[in-house]
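Protein chains in written order, with the working numbering: chain Z, 11 to 272; chain G, 11 to 272; chain E, 11 to 272.
Note that these hints are calculated values from the structure, not bench results. Some hints could be false.
Since copy identity is lost for identical chains, a pair holds within one copy or between any two.
What the hints assert, rightly or not - Simulated crosslink set (DSS-like; lysine-lysine; CA at most 27 Å straight-line):
1) Lys-175 - Lys-22
2) Lys-196 - Lys-63
3) Lys-239 - Lys-63
4) Lys-22 - Lys-196
5) Lys-263 - Lys-12
6) Lys-22 - Lys-243
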Amino acid sequence: MKIDLLDTLREKNPIAFNISNFVTVQDVANGINALGASPIMSEEQNEAEAMVKMANSITINLGAFTEQQLNQIETVMTFANQYHKPIVVDPVAVGAVQYRLERCNELLAQKQVAVIRGNIGEVAALAGVDWNAKGIDAGEGSSDPVETAKKLANKYHCVVVASGKTDIITNGEAVIRVFNESDLFKLYVGSGDMLSSTIGCFVGVEEDYFEAAQTAVVVFDVAGEVVAKSMSKPLAGSFGPQLIDELHLIDVKTVEKYANFE
Amino acid sequence: MKIDLLDTLREKNPIAFNISNFVTVQDVANGINALGASPIMSEEQNEAEAMVKMANSITINLGAFTEQQLNQIETVMTFANQYHKPIVVDPVAVGAVQYRLERCNELLAQKQVAVIRGNIGEVAALAGVDWNAKGIDAGEGSSDPVETAKKLANKYHCVVVASGKTDIITNGEAVIRVFNESDLFKLYVGSGDMLSSTIGCFVGVEEDYFEAAQTAVVVFDVAGEVVAKSMSKPLAGSFGPQLIDELHLIDVKTVEKYANFE
Amino acid sequence: MKIDLLDTLREKNPIAFNISNFVTVQDVANGINALGASPIMSEEQNEAEAMVKMANSITINLGAFTEQQLNQIETVMTFANQYHKPIVVDPVAVGAVQYRLERCNELLAQKQVAVIRGNIGEVAALAGVDWNAKGIDAGEGSSDPVETAKKLANKYHCVVVASGKTDIITNGEAVIRVFNESDLFKLYVGSGDMLSSTIGCFVGVEEDYFEAAQTAVVVFDVAGEVVAKSMSKPLAGSFGPQLIDELHLIDVKTVEKYANFE
Numbered sequence: 011m012k013i014d015l016l017d018t019l020r021e022k023n024p025i026a027f028n029i030s031n032f033v034t035v036q037d038v039a040n041g042i043n044a045l046g047a048s049p050i051m052s053e054e055q056n057e058a059e060a061m062v063k064m065a066n067s068i069t070i071n072l073g074a075f076t077e078q079q080l081n082q083i084e085t086v087m088t089f090a091n092q093y094h095k096p097i098v099v100d101p102v103a104v105g106a107v108q109y110r111l112e113r114c115n116e117l118l119a120q121k122q123v124a125v126i127r128g129n130i131g132e133v134a135a136l137a138g139v140d141w142n143a144k145g146i147d148a149g150e151g152s153s154d155p156v157e158t159a160k161k162l163a164n165k166y167h168c169v170v171v172a173s174g175k176t177d178i179i180t181n182g183e184a185v186i187r188v189f190n191e192s193d194l195f196k197l198y199v200g201s202g203d204m205l206s207s208t209i210g211c212f213v214g215v216e217e218d219y220f221e222a223a224q225t226a227v228v229v230f231d232v233a234g235e236v237v238a239k240s241m242s243k244p245l246a247g248s249f250g251p252q253l254i255d256e257l258h259l260i261d262v263k264t265v266e267k268y269a270n271f272e
Numbered sequence: 011m012k013i014d015l016l017d018t019l020r021e022k023n024p025i026a027f028n029i030s031n032f033v034t035v036q037d038v039a040n041g042i043n044a045l046g047a048s049p050i051m052s053e054e055q056n057e058a059e060a061m062v063k064m065a066n067s068i069t070i071n072l073g074a075f076t077e078q079q080l081n082q083i084e085t086v087m088t089f090a091n092q093y094h095k096p097i098v099v100d101p102v103a104v105g106a107v108q109y110r111l112e113r114c115n116e117l118l119a120q121k122q123v124a125v126i127r128g129n130i131g132e133v134a135a136l137a138g139v140d141w142n143a144k145g146i147d148a149g150e151g152s153s154d155p156v157e158t159a160k161k162l163a164n165k166y167h168c169v170v171v172a173s174g175k176t177d178i179i180t181n182g183e184a185v186i187r188v189f190n191e192s193d194l195f196k197l198y199v200g201s202g203d204m205l206s207s208t209i210g211c212f213v214g215v216e217e218d219y220f221e222a223a224q225t226a227v228v229v230f231d232v233a234g235e236v237v238a239k240s241m242s243k244p245l246a247g248s249f250g251p252q253l254i255d256e257l258h259l260i261d262v263k264t265v266e267k268y269a270n271f272e
Numbered sequence: 011m012k013i014d015l016l017d018t019l020r021e022k023n024p025i026a027f028n029i030s031n032f033v034t035v036q037d038v039a040n041g042i043n044a045l046g047a048s049p050i051m052s053e054e055q056n057e058a059e060a061m062v063k064m065a066n067s068i069t070i071n072l073g074a075f076t077e078q079q080l081n082q083i084e085t086v087m088t089f090a091n092q093y094h095k096p097i098v099v100d101p102v103a104v105g106a107v108q109y110r111l112e113r114c115n116e117l118l119a120q121k122q123v124a125v126i127r128g129n130i131g132e133v134a135a136l137a138g139v140d141w142n143a144k145g146i147d148a149g150e151g152s153s154d155p156v157e158t159a160k161k162l163a164n165k166y167h168c169v170v171v172a173s174g175k176t177d178i179i180t181n182g183e184a185v186i187r188v189f190n191e192s193d194l195f196k197l198y199v200g201s202g203d204m205l206s207s208t209i210g211c212f213v214g215v216e217e218d219y220f221e222a223a224q225t226a227v228v229v230f231d232v233a234g235e236v237v238a239k240s241m242s243k244p245l246a247g248s249f250g251p252q253l254i255d256e257l258h259l260i261d262v263k264t265v266e267k268y269a270n271f272e
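Generate coordinates for the entire structure from the input sequences, incorporating the hints supplied.
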């Protein structure tokens with residue numbers, strides 16, 4: 011695993027264009043800014059091409075879109091494919107809401123994305139595997155998570171990150187499992203969105219998206235683990251600011267020391 | 011007062027659908043997630059029915075809506091009434107802006123809601139009682155707050171929570187006053203919105219909305235008081251994260267110890 | 011410099027109407043509320059006139075607008091000019107996106123504003139001076155920042171605040187430079203938006219906008235410096251909440267003690 015991509019990210023300071031979820035946008039912007047990227051957000055079609063051209067990557071969070079925003083999302087994805095800028099997609103709640111699942115599958119069928127990052131309920135829904143998602147939460151299912159993630163990666167020819175207690179990263183063949191975890195991630199609603207946007211930062215500086223996704227997941231998970239270990243009790247509200255603190259402070263050496271994957 | 015509804019909430023982990031105020035949505039989502047509910051947000055009409063069906067309750071914050079969002083709000087309220095899901099309404103600034111007052115009264119006249127939660131200026135405006143509200147703040151008036159809240163409860167056949175230095179909860183006949191308070195609530199713009207959404211969580215697990223609203227107010231107020239007491243000076247910015255910390259940490263015993271109501 | 015305008019602000023508690031950037035709106039609302047103003051936000055045209063009439067000032071953040079929001083922004087600016095309410099404009103990323111630059115120049119050509127606050131890349135773009143902006147960041151250029159800011163002030167007959175390592179405030183003739191700084195401002199995406207809205211608060215209580223802008227900048231910069239000095243390492247995520255803490259705690263004496271300008 012190329013953990014020193016973290017240094018590359020900070021040297022290159024990539025512009026990370028985010029079509030964001032309005033629920034978590036502030037923390038996401040601060041998180042990736044603290045990490046070392048330069049976030050920019052937009053909801054306007056007329057600047058879509060300019061945004062894509064200046065960006066090193068595009069992260070599209072489908073956490074709370076309207077039909078109108080969907081038009082802008084399609085436009086941005088079209089330009090991203092045209093200008094060969096990698097796209098990360100976060101398919102929030104597609105496991106729970108049929109409308110979201112349909113729109114998301116339509117987008118993924120038409121455009122080429124670099125990485126899909128969701129919880130296992132969302133990954134299963136897109137892969138067409140039975141799973142009982144619960145709202146924005148993963149819920150429970152009986153299928154094998156690794157096979158489910160691989161199925162989705164092969165369906166859309168992209169890297170898939172299925173995050174949860176263990177994070178699974180696959181390009182459809184090879185699989186990396188990351189075991190760094192903290193219960194605090196579930197207590198903080200920005201965790202998933204911030205992880206997706208962190209992957210967006212790394213695919214902006216590394217063309218091997220499978221490598222980029224691995225580094226992003228390990229950096230993010232270790233940062234969260236470091237924060238959680240420093241707390242004597244679970245501080246659900248303080249976790250967010252302290253995670254952003256750590257995304258700035260963490261270095262390659264710390265990530266290498268704590269990284270737990272196979 | 012059924013303070014152990016807090017345990018029920020955490021056991022049932024209700025899905026709390028929030029049509030939120032974009033100003034405070036991130037803290038509201040984190041607050042109710044920390045408390046023990048599962049928040050989900052949406053602004054799209056096409057998924058309104060699916061959202062209502064999966065949700066245990068709906069909280070509608072009228073803090074910053076547009077005409078377009080109003081259509082979605084009406085659709086959501088219609089489905090909520092159809093599927094018998096309780097609605098909590100937060101009528102932000104209806105005391106200061108005639109347009110908001112009119113739209114809000116129209117909604118309340120057409121749909122059945124479980125609880126209205128506002129400051130006394132907002133409650134007075136909806137009740138048709140003279141009051142000088144100031145922007146998003148309560149302002150000052152000479153009418154009796156308890157009678158004003160009862161008038162509104164009877165007008166729309168629902169529970170009314172008029173929050174302020176003393177919080178008043180009424181079903182139009184019975185009245186509970188909660189005295190737990192902190193000046194920090196006024197320094198934190200998310201306080202009112204988060205209280206409304208907390209009430210939303212409790213009406214999702216308790217069919218007696220008057221009981222649910224009481225528990226919600228006491229849990230929320232005690233949590234804020236505990237945080238405020240732990241500070242040696244008023245930390246307006248740190249209060250938000252620490253309130254979210256406490257909404258997760260607080261238990262029935264602590265609420266019972268500090269609860270101050272009659 | 012009239013540093014005691016801070017006391018005036020807290021006595022008068024002005025209503026600060028903000029058309030905000032959805033990325034940072036929560037922190038901006040909390041920041042100006044903590045400082046001593048009463049924030050109110052709206053995106054709806056139908057309440058534009060009521061909002062402007064009740065407000066003491068209007069801050070318009072062009073950080074992430076859509077064509078639709080632009081209609082509302084124009085309406086608000088028209089009413090603000092009609093009712094003689096001062097407008098502060100924050101032209102986010104006009105140095106990087108041609109579409110934003112054009113829309114912003116159109117607005118500024120048609121309406122009279124009190125203050126423009128941007129980084130030097132944004133100020134240069136509006137002034138028509140060559141500069142290499144980088145996304146939302148200032149980037150680098152070879153022109154003289156003071157002359158660039160003066161040029162813009164004379165172009166639109168308003169006060170210009172060009173913020174950066176040194177903050178420049180000019181009415182087109184006189185120039186004040188503020189040297190209070192902290193690297194943490196760059197690590198926190200809300201810094202610029204919050205500074206613009208802080209200026210909005212002060213122009214709501216002081217008709218001499220050049221004086222109001224100076225006080226706003228010095229109060230804000232000193233608050234940030236006080237927070238930064240209290241940290242043993244740069245906490246990118248904790249800086250936001252602590253800056254809001256300090257905006258409430260800071261007093262005229264502290265600002266006078268640390269203010270560093272000429």
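These are the hints, each one checked on the structure:
1. Taking the shortest Cα distances, Lys-175 and Lys-22 sit within 27 Å of each other only across copies (21 Å), while inside one copy they are farther apart (31 Å).
2. In this homomeric assembly, Lys-196 and Lys-63 come within 27 Å of each other (Cα to Cα) only across copies, at 24 Å, whereas the closest approach inside a single copy is 35 Å.
3. For a Cα distance limit of 27 Å, the shortest separation of Lys-239 from Lys-63 qualifies neither inside one copy, at 41 Å, nor across copies, at 39 Å.
4. For the homomeric pair Lys-22 and Lys-196, the shortest alpha-carbon distance between copies (16 Å) is at most 27 Å, but the shortest distance inside one copy (31 Å) is not.
5. For a Cα distance limit of 27 Å, the shortest separation of Lys-263 from Lys-12 inside one copy, 12 Å, qualifies, whereas the shortest one across copies, 49 Å, does not.
6. With identical chains, the CA atoms of Lys-22 and Lys-243 are at most 27 Å apart between copies only, with a shortest distance of 23 Å across copies and 37 Å within one.
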